[in-house]
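Engineer: Sequence:
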Amino acid sequence: MSSPQGHTLTANMADLVDGSTAHREVSHIDCLPVYVKELIAGGAAGAFAKTTLAPLERTKILLQTRTDGFQSLGVYQSLRKVLKLEGVLGFYKGNGASLIRIIPYAALHFMTYEQYRGWILDNFSSLGSGPVVDLLAGSASGGTAVLCTYPLDLARTKLAYQVVDTRTNFSSGIRGFYPRPAYSGITDVLTTVYKEGGIRGLYRGVGPTLVGILPYAGLKFYIYEALKTRVPEEHQKSILMHVSCGALAGLLGQTFTYPLDVVRRQMQVESLQCSTIQGGRRYRNTIEGLTTIVRNQGWRQLFAGLSINYIKVVYISATIST
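If you read the sequence shown in this note's numbering, its first letter stands for residue 11, the second for the next number, and so on.
A couple of the hints might just be wrong.
Derived pair list, reagent style DSBU-like, types lysine-lysine, alpha-carbon separation capped at 35 Å [unchecked claim]:
(1) K238 - K47
(2) K205 - K60
(3) K322 - K238
(4) K47 - K91
(5) K60 - K322
(6) K91 - K247
Derived by calculation from the structure, the hints in this document are not laboratory data.
Generate coordinates for the entire structure from the input sequences, incorporating the hints supplied.
Structural biologist: Structure (structure tokens):
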């Protein structure tokens, strides 16, 4: 015969094995749609990665925009100078806008991809259902996400561009030689830019971003598939292989499209730059931006800060593979 205590013990063990007790405690999470869980998880991972790499991102923007005092410095020297002038918090200037942008950007990219893919399949059946459709849908969804969240990227760049010497000169009681920031925070950037230039001002520099989406996606996809064909068949399903090929494809794709990113950053901070940097006028479009940068700053400026992107790829790849 079995005792009541035995039934209780058996029931408790069953709960422990099938996780029903834990299930009741986290049922509010389990009820969420799969895509919401993915967005939350992806947003958290993205926020962690962006915060970890924020010092490098800040430095990259300073190098891309030729911020006063950083034109001739390398990555390491720039990091040291930011730390000296603004302290540790200086590494994270503008990072708040990046973190706020993560969830809406990922959500729009994720949700519009299937919509665009379905529309292409319904209206352009001649393209089939292969990689070309995925490439076009991915580029279109990426463009949509950029358009809807671009003002936050603009705010992030403007905040990161401003370097202020926060050290107090005790002998004179004044700040260093750097001017006072034009903007005090994300809200200040958005409201000020809107008052000065309206919606158009909030999207200053969006052209190079949109121009670069399709070639970047295409190059990354092509290089990834080309690399996979050179991997032995027994390693085709290896996670490390996929991560390595994806990282190398992303790295090469970024290299080819990186000049567009430099043009975008310089267009975003034109109102804060000295007129001598661009010859006293604003870039009217992407082509003019590229040619003017080469003429006035040299072709090397089109790749200023690119090494930081390489460091990011290695860091992210190492994180994923472990």
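Engineer: State for each hint whether it applies.
Structural biologist: Hints, verified against the model:
| no. | hint | verdict |
| --- | --- | --- |
| 1 | K238 - K47 | holds (30 Å) |
| 2 | K205 - K60 | holds (30 Å) |
| 3 | K322 - K238 | holds (22 Å) |
| 4 | K47 - K91 | violated (40 Å) |
| 5 | K60 - K322 | holds (10 Å) |
| 6 | K91 - K247 | violated (45 Å) |
The structure does not agree with the numbered hints 4 and 6 stated previously, though it agrees with the rest.
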